[in-house]
Amino acid sequence: MTLEQHKSTRPVSPDELQRVNKIRRDFVANVSHELKTPATSLKLLAESLEETLDEDPVQARLFAAQLKKETERLAQLITDLLDLARLESQERIDYPSIVDVRGVLMTVLSRMRRVARKKEITLQWKRFGKAAQYTVRGDETQLTSMFTNLIDNAVKYTPPGGRVEVIGGSEDSEIVIRIADTGIGIPEGKLSRIFERFYRVDRARSKATGGTGLGLSIVRHVAENHGGRVTVESTPGEGSTFTVHLPRA
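Residue numbers (the numbering used here): 1316 to 1564.
Careful, some of the hints might be misleading.
Below, simulated DSS-like cross-link-like pairs (lysine-lysine); rule was C-alpha separation at most 27 Å, straight line [what the hints assert, rightly or not]: (1) K1445 <-> K1384; (2) K1433 <-> K1384; (3) K1383 <-> K1445; (4) K1383 <-> K1358; (5) K1383 <-> K1471.
If you are wondering where the hints come from, they were derived from the structure by calculation, not from laboratory data.
Let's have the full structure, built from the sequences with the hints guiding it.
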């Protein structure tokens, strides 16, 4: 909804306008910082590569590998920013298409199993309750993005030898999907902020795993655009469970 549309429905108070402007300023500042960091790294790595290319081929290859990693991180950040901007511009949509959520999950799981095996993590699909139809009205690309972010995070933040379970079922008129892991968990004081843009529980660990700080914000917006919601429960040192509720078609 644009500010003009917002004004047409009800007056905007000075406090609310100030809050919206602060959110906009914070977002611009965060984007500037997040883009500046990899851009600076790319410049330094390119200069180092140029200096060592002839004198030290081994070191040059290491710089080239780091250059590639930083380029991929920057590309992922730009992709996530564009996805988030598109999602935030939408309100809940009456999607015409019927999507099989179980089919989406099977596709995501098949992609993630190779990564999980490499980390020696067990990745399983389970079902609870009676057999259910896993169909929703929605956008398959958005739903794939949501579940990819959640399962990828679970695998990233679970130590080797751990377990990630994707559990699907039905409650009343909703499809319920739980992504439970035996990972590092999230401190209680930080749970309320994890769906904020650019918020990271552990910045150093997030950078090491290639996180952009936008994945969970994308998850929240996809769920809300489909008339659903996402919640989280976590215990540090024991693991986290993210639960997605979507209205069943």
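Cross-check of the supplied hints:
1. K1445 <-> K1384: violated, 45 Å
2. K1433 <-> K1384: Holds, at about 19 Å.
3. K1383 <-> K1445: Status violated; Cα separation ~47 Å.
4. K1383 <-> K1358: Distance of about 12 Å is within 27 Å: holds.
5. K1383 <-> K1471: Holds, because 20 Å separates the two Cα atoms, which is no more than 27 Å.
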